Each structure stands twice: as structure tokens, then as C-alpha cells.
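Q: Each chain, written out:
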Amino acid sequence: MNIKLTYNWLLDFLETDASPFEIQKYLSLSGPSIERIEKIDNDYVFDIEIISNRIDTASAFGIVQEAFAILPFFGKKAKIKFNPFEEYKFSKLLKNITVEDYELNIVIKENNLCSRFSAIVLDNIKIGPSPYFIQQRLKAAGIKVINNVVDISNYLMLTLGQPTHIFDFDKIANDDRKYATIIMRESKKGEQIVILDEKKVKLPGQDIVIEDGKKRLIDLCGIMGGLNSCISNQSKRIILFVQTYNKQKIRKTVMTTGIRTLAATYFEKGLDEERVEATLVLGVELLKKYAFAKISSKLYDIYPNPYQKKKIIVPFSFFEKIMGISIPKKTIIQILNSLGFETKICNEKIEVFVPHFRKYDIDVAEDLVEEVARVYGYNNLPNNFSPPVQVFPPEKFEKTFKLISKIKHFLKHLGLNEVINYSMISKKMIEEWKLNEKDHLKIKNSISSEIEYLRISLLPSLYKNIKDNEGKRETLKFFEIGKVYLIRKNDLPKEEYRLAIAVNTDFFDVKGILEALFLELNIESFALPKIIKKDNIFLTEINLLSLIEKTKLLPRFKPINPYAIIKLDKTFELEKNLSFEKIREKAFKSPYLDKIQVLSLFKNKLTIRFYYSAKDRNLTEEEAKKELEKL
Amino acid sequence: MELELCKNDIRKCKNIEDLEKTKIKYLGRNGLINKMLLRIRAMPEEQKKEYGKKINYIKQKIEEEINKRRKELEKKEMINFFDQTLPGKPYPKGSLHPLTYVIEEIISIFSSLGFIQVSYPEVEWEYFSFEALNMPKGHPARDDFETFFIEFPENDRYGKMILSPHTSSGQNREMRRSKPPIRMINIAKTYRPNWDATHTPMFHQFEGLCIDKNINITHLKGTIDYFVKKFFGKNRIIRLRPAHFQFTEPSFEIDVSCGICLGKGEVNGKKCRICKSGWLELAGAGMVHPNVLKMGGVDPNVYTGWAFGFGPERCMMMREEMKIDDIRILYSGDIRFLEQF
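In the order they appear, the protein sequences are chains A and B. Start counting the first sequence at 1; every next residue gets the next number (my numbering). Start counting the second sequence at 632; every next residue gets the next number (my numbering).
The shape of chain A in the complex, shown without the other chains (with noise of 0.2 angstroms):
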């Protein structure tokens, strides 16, 4: 999530000699990236990508609190001038209520839904524009500038990090407008309410709502306020409501209706019960000095479980054997303190206590560690190798990694071209290829029909890839090495690789490739593998776990023969029974051939050159010539 803040904003909070540009550096080093700065009227304007479980940094009182541990790492100086947690308490707020006039019934029905309610009634409310400095700080946020209470209400939630919901009091109040009912509870499916922004929201149930004493939904909590219940301009008296929601409740609602508000996006990463207390109390200030507040309630505080503070004891040397470096004590206590940690020495131990606002994200010793090393600042520890150790790879994967290597650029420098597809393929290819489709592994929720099954074989695709290409290019000539995905009973499927070539050339072009990769990789027999014809692209596909076993470092030596090598050739008329394969099988049956070579292929006529020696003496040319005959 990002936000966006003003310098002037943070200033409220800080005492700092650091420029917006000094800030944004520092802080996105150490802290919350400022991901860029604009210049506006007399401000500047901060966008702040907020670490995921960092929500207490979502305001300028949160990123003030980063900026006064991190600023002095930089030599610039920080100080809070002042603590809205420590001055806005409700003990200051209950000094001044004098007048009860109206009163809340309040009932929560179930008591995982919200950990702290806080509401309080205020009358004489004069609804008009909001002062210009938080009409200027809403508009540099991005949030639309309503009226003085709405504003406010937004206001607080950037400036605390807690969202507030306001009520129009009369408008859910019993006939003698004396007291309002506030049911708290799960919703039932189907259940249905109109927000804010006038949409009729049918709920999934178990959101959390709030009925009022006529039976009606006024608000679906966390996330957006009823319609029947919001402030318009005539709006007299209001309900300030300052809740901490339960998370999950409110991230399944979001997920389920589809309707995400800045509030829900702080609601659902859970949010601080502290926090309440200082937004409440600065909520009523505000109001009362830009709209004519005045407190005509009792203060509503429900907080069953208040924080107890969490205790995390390190040992000193755990910082260094995480970060590498030994870091000061003194340092490292520097650090925890700046950043609100209250810490105590024993001996070689440090026992640290977390503040309320980090309750959520520092549970272990490693997360204290990461305190210190960001603000110490990666950037001051060197860099290393991880030490040198005897490590074996697994023969298996070491082998087939080779030999993927070795093949892919003999092909290619045997002029193919190499593809990578998508390892889905489409129900349509399936049937293409005769294929049945209860054998492919199919994605559940798939974005495009063409990426649907899970392949189990190369050729579809690679088919395809000569169908596309047609035109563009006169022969074509493709491979690629992948898995294919075989499905087993009760397991994930076997990934195996496979080796696929097609061209659109000839059978005797894929023959020749499959033969020359054969003779790369040392490999002395191999059936040859099934070659396809379709329309007029020629495919073949192996699986490399075979080839693995086969292939070999260097070939068998021979010695080298001395002796005379005699060369005859002849003519054969090929015909279904005399086929060059039958002619090869009997020639080798002479101890003196050494190899055979195909000349020449005239319509049926075949010649072949033969080559005869012996190993021992010269052969003449007449026992050749007798070996021959025998063929």
C-alpha cells in the first residue's frame, strides 16, 4: 500500500534540519520507501510505499516515528516535539464533559469481531468547508475534500493511522431522539445494505454490521458506512466511532464484496487498540474547533483485553551473528529506544519491550535484529562470501543439466531454433492431436482457454509454433526442452523433461539431426525414436532421462589400423524386400567391414561404398571383393 503525506504534515510531529530530499534518501534506505516527491505551493508531497506489516508506519505520526531513529544514522538531527499517544488521553477529554444529553445503547453480540469500541455523541455541529491547511493536506493525499466533518474523519486517519466512522445521530436515534441502539454483529447471508457511495451490497454473511434499533443495517463495519445513517449538510449532531475490527473478518468481507476503502486497507492489516484512545480524543479537539462540537454524551470505551506489554529477551551476541559485525551496546540500545522499545540490561542479555504499536510484527529475537541492522544501515556492513564447503550436487540433477546444455547448443548449431512455451495448452490442441484430455492435469481457475491443461506432450506445441511461423519464413526448424506433467494416482504428477524437434522440411532432415545428436553425445545404440508425420511438419520427441543414461563423456578409441583400407562400391535396386537397413545388417556380418557410406540414391538404385580391412595384415582386393559377394 502506498500513501501520501506532506513534509509539512510530518513537521507537526518533527523537529528536524533534514530536507524533504535528505528524508526521502534516508528513510527509504532505512525505513518506508519514498518512492518520489512533488513539488506543491509551499509543500512537497511524499509517496510512501508502506512495508506490508508495517501498518503503524501509515501515517505522519508513523513515518515521524521512523524518521527520528533513522534521521540521526545520517547525522541530521530528529526530535518529536510531541507524542499525540502520550497527549491526547481520554483522562483530558473526560475533564470536560459536562452535559449527558444523549445516550448510547450499545451491544456486541459476539466478542471476536472487535478487540476496542469507542464512540461518543456530539451535538451543535455546523456542517461547512474544513480549514484550508487540512483541505490543502487531504487534496496533496489524494482524498476528495467533502466538508469539515468528513474531512476531519479522513484527516485523522492519515494523520494516527486509525479510520473513524461518523454517524448522523439523529437519523438512527429512537422517536424521542434521546438515544440511539448500536447492534454489533455477524451479518446473515444475503443480508443486504446500501453504502455510501449509494451501491446495494448483498453481504456473504458473517461480515461485520451494525443494525441500529429499527432493525436496519446502518454500517458495514470496516469497510464503508450505511447510507441511512451518513452525515448530510444539515447534520446537527454526530457519533464519533473509533473501532480496531478484527482482520480476518474484515479482509474476507473485502475479498468477497470486492470493495476495498483506504479504511479496509488499514483495517486488514490489523490495527493497533492504542491508537484509539489518541484519535478519539484528537477527533473531538478537531471537531470542536472546526465544527461547533460540543461533547453531550458519556465517553463509550469497550476494551476487554487492554495490551500487556510483550517482552523479548536477546542475548547481544545474536546481533552480531545475524549481521556479521559486532555493533556497540550502546548502539544497539540507541537504536531500540529511538524506535519506542523500552530495554533493560542483564549481563550479556537484553530483555526488550515492544510498544503497542509493534504488537503485530515483532514477535522473535530476528525481528529485533532487523531493527537494529536497518537503521545501523545495510549499507555500513561489508560484503562477504558465505564460506567455501564441499557440496555435491545430486547426480541426477547434475546430469540432466549437462546434457540440457549440450543439446540445446548442438541444435542450435545445427541451424534449429529454440522455443519456449507456455507448459498449459489449450483443450483444442488436445483434440488436434487425438489426445485425451482425462490424462492432462487441468487448471482450476485459468485466465484464458488457450492455458487450460497441463501438456503431456511437447508436440503440440511445437506444431503449433510451425503453424504460426508458416509464411514468415520458408523452412523452419524448431526444438525445445521442458517437462511434460503425466498424471499419478494420489501424488503430483511426474515431471519429466522431453526433447521435441519439428520441421517443416523433410523425414529424412529430422533423421539426420536425431543421428548427428546421437553421435555428439556418444551414444553407440539407440533406437530411433518414433518420427510423426503431420500435414507437412515432421516431429519427433524423447525423454532425456534415457538419453542420460546413454550418453557419454568421450567416445570408445579405437586404435588406428595400419593396414590397407579397400573401398568398393555397388549399385542395389532397393524394393520392400531389400531394404537399406537388410543390405547394412549383412554386410556387417563380414569380420573385415569396417563401415558403409551411401553414395548416391538414383529413383531405387542405391550405391554404397564399402570399406574393408583387416586388422592384422593387408587385405587384398580380391577377398574384398569376396565378401562383397556374399552380400
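Careful, some of the hints might be misleading.
[Stated by the list, open to error] Ranges between beta-carbon positions, derived for each pair:
hint : chain 1 : residue 1 : chain 2 : residue 2 : range
1    : A       : Glu-398   : B       : Pro-767   : 34 to 42 angstroms
2    : A       : Pro-306   : B       : Asp-787   : 38 to 46 angstroms
3    : A       : Phe-318   : B       : Pro-767   : 24 to 32 angstroms
4    : B       : Val-898   : A       : Arg-36    : 12 to 20 angstroms
Just so you know, the hints here were simulated from the structure itself, not pulled from any lab data. Values in this document were obtained by computation on a predicted structure and should not be read as measured data. The C-beta atom is built at its ideal place from N, Cα and C for all residues, glycine as well.
With chain A fixed as given, assemble chain B onto it according to the hints.
A: Just chain B now, with coordinates in the frame of chain A:
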């Protein structure tokens, strides 16, 4: 006879140049013919006519012979003309997918540091992609990894079958395969349901994992810095920024200085058009979370480790040569793209 000697001389010319020289020798201003003509002055009147005729005849014959030889030589030279500017004998030129080169380069850099390459399932159980990485059911961090699910009966222990949305599932598998010390890299296809100019539903990820006694942040920093300098160039530097991932603690984003503005964010006083203020995001990384070690059967009190994950496609496109505006071309199988590499 004199004429025969001349003719022989002409016939012996090996090329046009020789022939020109010979022509000058006989027919030039100070050539043989002119010298012979000079003699005519001293001759008696009655012989002059005859002598002149004779000289003219010789001259004519020589000219004939020269022209004849010229034609012969021209024909010969035409046949023998050797044009070295013609292209050489064509050899087959195939291609590998650009990612193949990138992946091989990455592997070779890490092999030299003693890391071994492994491979783990692309079709995975939820458990290895999430629970084993400290992301229990319902955890919002799972949202960061939008996932394809497979129609298949759920496994009692490991949950639903998915297409792995990252290579980090290999962390737990590697810890199961081998006890520390671990030095692993894993490059594999990964899958997420996004398909537009900057996303493809299948892409690659590259995972590094190092677990041993006394492993600390400086080892992670040093390793990635080495990789960046080898892969992008010696003038590039990295920076670590705080981040949050469930499976590492501390966690960082790793940025590399922009190759265009070298980390300054501007070129000749103008904002750099390539980067966000001087830096490009490269990878997520961190120290392996103790819970992840525990789930892999490794004692976090004895061992520590680091891990990182990044995209080879991104690494490729961050190189000078590969400015691609639509990433989908990588998996289009278009020969006009493939044959370039």
C-alpha cells in the same frame, strides 16, 4: 623475322598491364615504329615509298596482334576475377532462446561460488509454497502470490495442488533432501494468473539458498553484489532496503544502480528515463526465518541462512541489449524474434 619477334613478345604478355607496356615499346612516341620511321629521312627518294609501306604494314600487324591479345587477356581476367567482398560459405545459424543464455550465465556465476543447481516440482502442493514458508492458511501474505489451482483431490497433509507461484517452495524441499551445509540455486518455471504486456502466466524464477553455521547478512550482501558485478558490470552497485516477506527475517528488497545514470537519477541534468531515482528493483531477499528452518528440520539455534529470489526475465531486460516493451514476445514462438539470438 622482326615482325615475328614482336608478335611473340606480344603473345607472351601475361596481363593487360604488360600488354600496355609492350604497346608503348612498339607504338609509343619513342617506340620501335617511330624509330624506324626516323630512318626514312636519310634514305634515297626512290626507296622511301617502299620503306614507308613496309613500316605501315608492320605497324598494322602489331596493332592487330595487340588487339587480339587484349581480347584474350580481357576474357581470361574476367574468368579469373576474384571478388573478396562476396559473402563466405554459409553455415547453419540456429538460435537459443535468450533466456537460455541468461540462465546459463547466472548458473555459471553461482557455480563458481560453489552453489549447486537443483530442480523441484513445478506442480506443487500448497504446503510447500505457503505453510512451509511461514504463510499459514488465510494469511494475507498469500495474496502476494496469486496462484493457479489444479483440479485434483486435495492431499490430507499438503492441501491443494497448485502451479508453484515462486521457486521458494524448493527451500523446504532442499532442506528435506540434504542437511546443512546447503548452497543451492534453483531456476524454474513459475506460474501466476496474469497476462499482459508486463506479465506472462508462466515466467522463470531464480532462487538462492545458503544454510550453514555462522551465516550472516554480510554473506548475502557479498554474494549478490558479486553476482550483480559479474552479470551487469563492475560499475554497478547494490543497495538493500527494508521489506517484509513471511519467510525471511530480516527481509530486504535489493536494488541495483541504474546502468544509464549510474545511480544518480539524472543524465545531463535531465531525469533518467529508465529508473526510479537511480535504482532498479532486482530481487527480494533475507535471512531465512527460523520457522522456515524448523519446518525444514533444521535447528535455528545451530544454523542460520540466507535466501533470495529474482526473475531471470527481469535480469535480462535490465541489460542494455534487451529493451523489450512487451514481455509476451518471449513465449510467442515467433521466428522473427527467436532467430535474432
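Q: Against each hint, give a clear statement of whether it holds in the structure.
A: Now for the hints, and whether the structure bears them out:
Restraint check, Glu-398 (chain A) to Pro-767 (chain B): a C-beta distance of roughly 35 angstroms satisfies the suggested window 34 to 42 angstroms. Range check, Pro-306 (chain A) to Asp-787 (chain B): about 41 angstroms between beta-carbon atoms, so the 38 to 46 angstroms window is met. About 26 angstroms separates the C-beta atoms of Phe-318 (chain A) and Pro-767 (chain B), a value consistent with the hinted range of 24 to 32 angstroms. Checking the proposed 12 to 20 angstroms range against Val-898 (chain B) and Arg-36 (chain A) shows it holds: the Cβ atoms sit about 18 angstroms from each other.
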